[in-house]
Amino acid sequence: AAPVAAPAGGGQAAATEAAAEAESAGPIRVALLMPSTINDISWSQSMYVSLKELQDELGADKLEIAYSENMFNVPDAAAAIRDYASSGYNLVIAHGAQYGDSLMDIAPDFPDVSFAWGTTTRTGKDQGIENIFAYEPRGDQAGYVTGVLAAKLTKSKIIGLVGPVDAGDAKLHVDGFLAGVKATDPDVKVNVSFTGSFGDTALAAEAANTHIRAGADVLTGSAQQVVGAIGVAKENGVPWLGVQADQSTAAPEIVLASAIYDWTQLLRDIIAMREAGTMGGEVLQLTYANGGIRTIYSDALPAEAVEAAKAAEAGLADGSITIVVEPR
Amino acid sequence: MFHEFLSVATLIGIANSGVRLATPYLYAALGEMFGQRSGVLNLGVEGVMLMGAFAAYYTVYIGGDPWLGVLAAIIVGALMGLLMALISVTMQAQQGISGIGLTLFGVGLSSLLLKVLVGSPIGISGFSTWKVPGLNSIPVIGPIFFEHNILVYIAYLLVPVSLYVLYRTTFGLKIRAVGQNPEAADSLGVRVNAVRYGTVMLGSAMAGIAGASLSIGLLNIFQENMTNGLGFIAVALVYFGGWRPLGVLIGALLFSTVNALQLWMQVLGVPIPSDLAVMMPYLLTIVVLAVGGQRIRQPAALTKPYERGE
Amino acid sequence: MNNSRLKIASLELIDITKRFPGVLANDRVTFDVKSGEIHALLGENGAGKSTLMKVLYGLYQPDGGEIRIDGKSVTIHSPTDAIARGIGMIHQHFMLVDELTVTENVALGLKSSRGPVLDLDKVEARIRQLSQAYGLHINPKAPVWTLAVGERQRVEIVKALYRGADLLILDEPTAVLTPQEVDDLFATLNQMKRDGRALIFISHKLHEVVAISDRISVLRSGRLVDTVPNQGVTRAMLARMMVGRDVLLDRPHTALTPGAARLVLEDVDALGVIGQPALRRVTLEVHAGEILGVAGVSGNGQRELAEVIAGLRAPTGGRVLLDGVDVTSWTPGRRTDAGLGYIPEERMHDGIVQEFSVAENLVLQDYDHPPMSNGVFLNFGAIASRSRDLVRDFNIRTPSIETTTRSLSGGNIQKLILARELSRDPKVLVAAQPTRGVDIGATEYIHQRLLEQRRRGTATLLISEDLDEILNLSDRIVVIYEGRIMGVIAREQATAEQIGLLMAGVAEGR
Amino acid sequence: MQRFLRSLRFLELALPIAAVLIAFAIGGVLLALLGANPFEAYWVLISGAFGSVGGLASTLTKMTPLLLVALGICISFRGGVINIGGEGQIIVGALAATAFTLWLRDWPGWLLLPLTLIVGALAGAVWGGIAGVLKARLNVNEILSTVMLNAIALQLMNFLLRGPMLDPAQIAAGTNIAQSEALPRSVWLTRLAPPTLLHSGVILALVLAVLVYLLLWRTTIGFRIRTVGLNPSAARYAGMPVPFYVAFSLILAGGFAGLAGAVEVTGVSHRMLEGLSGGYGFSGIVAALFGKLHPLGAIPASFLFGGLLVGANKMQLTVQVPSALITVINGLVVMFVVASEVYVRRARRRAGREAAEASLKRESSTPSAEAAVP
Ligand SMILES: Nc1ncnc2c1ncn2[C@@H]1O[C@H](COP(=O)(O)OP(=O)(O)OP(=O)(O)O)[C@@H](O)[C@H]1O
Ligand SMILES: Nc1ncnc2c1ncn2[C@@H]1O[C@H](COP(=O)(O)OP(=O)(O)OP(=O)(O)O)[C@@H](O)[C@H]1O
Ligand SMILES: [Mg+2]
Ligand SMILES: [Mg+2]
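Protein chains in written order, with the working numbering: chain A, 99 to 426; chain B, 15 to 324; chain C, 218 to 727; chain D, 2 to 375.
Looking at chain A on its own, in the form it has when it is part of the complex (with noise of 0.2 Å):
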């Protein structure tokens, strides 16, 4: 990637300056646009989440953090980008697949900027646009771990799946789910079901007690519906593994593994790269291998399950183990 010089054209002169001084002098300044809230435990949350961590460790001094939530209409979101963008931000998080063509428009016109956007990895650098980092975290080695730990601990080789809708992150997990279950023990069958919706409370909490009820004796899904899934869970003793966030919180006795996205040291790699002059056009992905996927495991679970889990991760990490997405 070469390296940015700063255009001394006459219309962006101002905001270069201030862009400039505000390098100089200031803490970096980050904003995120996200699809749901802070709190959805699950998408939206974990990278709120990193990103606070992150400024716990550097200092608000040095990080200063801004964000919009629920930003579902992409016009509006393509909207707070622009102001984001033209109001000192160094760096603007666009955490949603959908807000790519927004923000392939607005970036050129803020080439002291970064974007960074998922998931995706698409940088627009074939459009000649440098300011773009890409992001794609690999819901499919997150869902492969999960599956493996649901393969060791079923008895009923029944594994209930509750996913929002059939397609993009989502589509990603399910497949990689399915290919470490597949993996593990062929014999094992994962039902899997979607409510259509990603907040569908209680749809969710009625297609968990579904795989319940159809056999299922481990649970797993994602999007922020899953809470309500995870009620039910509980209620019925039955296991959950959850994804993106830690959502132990929702029912710590029964969430027993989550595998979450930590997204630090990416946030490091890409503010590393600005201050090294790379303004963009990179693709960053959060991997096991790189530690921004994480599972997290509970003290309940059998050492036997968390031994295959833990080889799976390492397997994906070394690249020994790829993932083989068979068509449902």
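By construction, these hints were calculated from the structure, which means they are not laboratory data. On a predicted model such as this, the values are computed, not experimentally measured, just so you know. Hints are supplied without guarantee of correctness; some may be wrong.
[Claimed, not checked] Each computed BS3-like pair below joins lysine-lysine, with the alpha-carbon atoms no more than 30 Å apart: (1) K318/B to K358/C; (2) K253/A to K318/B; (3) K160/A to K150/A; (4) K160/A to K145/B; (5) K150/A to K129/B; (6) K255/A to K129/B; (7) K422/C to K318/B; (8) K408/A to K280/A; (9) K293/D to K318/B.
Please arrange chains B, C and D with the ligands on chain A, whose structure you already have, making use of the hints.
Coordinates of chains B, C and D with the ligands only, in the frame set by chain A:
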């Protein structure tokens, strides 16, 4: 796959799910029915449910007994109803829009409170399943009807109670009169607006319990906007049920059983895109009403504020 | 309180004044009524009768004056208060809840002997008692919407009696009744009078006032003209007191030679609102320049008859012909275009759009014809000039043609409808209850216009429960009973007795 | 007289403003409790929405779908039907417009763009028409059917955007973001003030507002719609085909919402996305009612309401308050503004009555009007 689908266990499972899923609809729609029978359309059910859900959740979260949580939901629901009545009955605001306002208010406030008072959602221990001793061992019937949490049973008890209140008490008579011909009721000394305050607050209190039945009954947690449109469905079910308790019961059961059915279809791998499966209950509700060709007339004074001497 | 049973021996309204924004509805009115007396209150539309009674019933608070019961000054805060003091009121528009049963309507607002739980069985028993004592013939279990108008009124009376009304106000109770029903009502009222109750009776029909009352008070423009005993008063005298000028009460009927049959019904069958057979093999002809009167007790198929002709109700059998053309399957709009005019019975409900301006209502039938529109765009100039003409020609009292119709009085709304329909110079006119609830000045005017239309060759079907109106205006009279035409009588041979018998279903008039 | 009318008009303006201020005051208390400076927050809200070219452009951009939906709502409410199906109609309109454009992508823009907008409107009209026909023919309550149709449209979108209409680029990249392929540039609505998103759709909406006004008050069709809405039985007596106009009102309402969807696609997002309906189906009702169900009133109403939404986002961004607080304030504004209307209504009625009585008095005191019968 289909033989599996048609097994007795599955059918019992579907029925059991349907019975439980109908719970919040029953509370909310029966409550809304009272308001509408007296002439007030409260489109704010969604917001009231969320506030009730949060009140119950938070009460239990800070260590209260679940029953205390229900009480909190009732009080908060009734207060939301008071607000609605103030605006729609006393200030005679257009009811469709004031309800949308109330929904926004409830959605926002409950989410704000969660963020400020709790942070990210933390699980609680609400009501747990209580298998009715004796009854739950009846084959088929037992597993369908008698393996739920207590709020589910109460929801069904409210159907006969609503019938009784509506048709056998002086309050019920006033409700029916006020919703059909408020002038006539007024001329006999029935305080029209007082009755409407009563029904709207009663209805909202029930919407509050509907929320509680989710947060401390079914889910044991609160999440922003967790009702996800359920309140609007409840309003629709009042129309579906023709403003009658039994009609509402049938509507709620139909809707939630089909919902349960589609969940089972997905779980058992019936090859149908999940999005289309999720669509089923909504489609069916319309189809049933269209085919059933309803001739029921709505309460004559519905959505019409009352002012003496007009 | 000296009488143990009756709470009211005498009631006085002294110098009552009631102001509405811009109107002095009651201007120092003094009025009294005693136990065992029927006191009639007369006055044109808007004279202030209803207002005075609403003050008495606690619906309005007077701006001045006082109310005395048995000599003691009282304040009546609300209807509940009035009811507690033994005052009952039967409103100009019935105050009944259609969807409830008779018993429920009566029980509404009463304390139950079982606290919060209804005691309908007790209420029902008492209703039976009362209806026996006063000859009211009421089925307590019937839902009100199934009842005919006369029955509904009896329910109103039971409601008042049940609440122990010692003073009963009846605001235009006969406006909607048939002669027989009026007779029955009067029997009941006389019975109540004998029991020692006080009654206030409001009517626009002078002969009724003369027939039933002991004393008569006349209001004009909010002021009391006079109170006179009912001895030696004539209708002409009363009319003069009311209007302030002489009024033509009976219109001489000039014979005309009717022309060709313009409206023909052949063996028409039709179902009613609840699917009951409402018209059975109805056959009739109305000729150009003829008024055919349809007499009958309300609820015997008049409404359905009018609707079948207007095209609002599909007949299940038979044919309707307009000028010889079979129009049975035509839409209402097409029939109107072909020259049908229609004055509906429920004027507020069916005849106008209350929120519309006078002008808009005046063109409700013709808005899509030139010059009011070119088929797409409305021509406001043409609409306004036509509306102004009609307001002038038909003497509609309105501040402007832009006024919302809701704020006009009933009589003027009726004139508006009349203007709309007659200005189209219809070949066939169906006029259902054209003067119900309208005062004598306006009634006179409406009759005059109908007769003028007859001279111009319109075939008019006049449906009315007012027998005087039918006898006054019709060239021929048919009587409808349970959906059947009971007989056709030429005007010259018609007598009230004979028609009354036919209306009761006794078929021997033919 | 003159002065009184003027004061009534003043009341009509002042009351909603007072209502908004009260709502803001309560919101201000909440803001203060959350540790924000309410005055700063509201300043940001107002200046964010109206205080700069960019803000104004955002407000106008938001106003466009609001106004379009509101126009449909004006028609349907005037026709006596309550359309709460705007969300679904927007989605269906946007989906259809997208599919249509992608299908005929090689056609020239001058032809394709208008056709795309029409297709969007037609699809919305069909979606509204389902509810309309169900009501007109089978007496199915429209509140019920439109609520259900919203949910169905949402799932239909989920299905299409994740399956048949999924962007091939997404499939190729394996990311499967639920969005359609980008529309060809030939159908993008002209941007009026780059770099803002403001596009020529706003002009279309304004023109349509005038047309809807003409439709409702200047044409025979509008006359029929209003008659049917106010008194169906009088409409029947006057020979109007009532069921047709009931259905037609919903068809038109759906058409406008569908058009709003198509305009969002061609003007703003340039592809079909999730969350595109943005709650406009409901906000549009609010805007229409703020505008007194008058198409021309809907213009300032949707402008102000759009500004409120834009400003609120700015406020979230600048003052860093949770978005939920903004929802609360919006709810309060909606409730208080409708509640305040009662006073305007009462004052207007009093004024009207007084005018009527006064002129009646004048008239009846002249001898000519008195002579009823010669
Ligand atoms: N609620 C009201 N507000 C304002 N003005 C009113 C009201 N009620 C009646 N009026 C006015 O008071 C006057 C008297 O009306 P009222 O209804 O008492 O007449 P009425 O004698 O009963 O007439 P009718 O024979 O038509 O029943 C009328 O001019 C009327 O316009
Ligand atoms: N709420 C009201 N406010 C103001 N004026 C009223 C009100 N209600 C009735 N009026 C006025 O009272 C008068 C009589 O109205 P009412 O409803 O009694 O008509 P009506 O008795 O059917 O008329 P008519 O006797 O002419 O047929 C009308 O002039 C009307 O404008
Ligand atoms: Mg009167
Ligand atoms: Mg009258």
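Results of checking the hints against the structure:
| no. | hint | in the structure |
| --- | --- | --- |
| 1 | K318/B to K358/C | holds, 29 Å |
| 2 | K253/A to K318/B | violated, 60 Å |
| 3 | K160/A to K150/A | holds, 12 Å |
| 4 | K160/A to K145/B | violated, 57 Å |
| 5 | K150/A to K129/B | holds, 16 Å |
| 6 | K255/A to K129/B | violated, 39 Å |
| 7 | K422/C to K318/B | violated, 35 Å |
| 8 | K408/A to K280/A | holds, 17 Å |
| 9 | K293/D to K318/B | holds, 17 Å |
The structure shown violates the earlier hints numbered 2, 4, 6 and 7.
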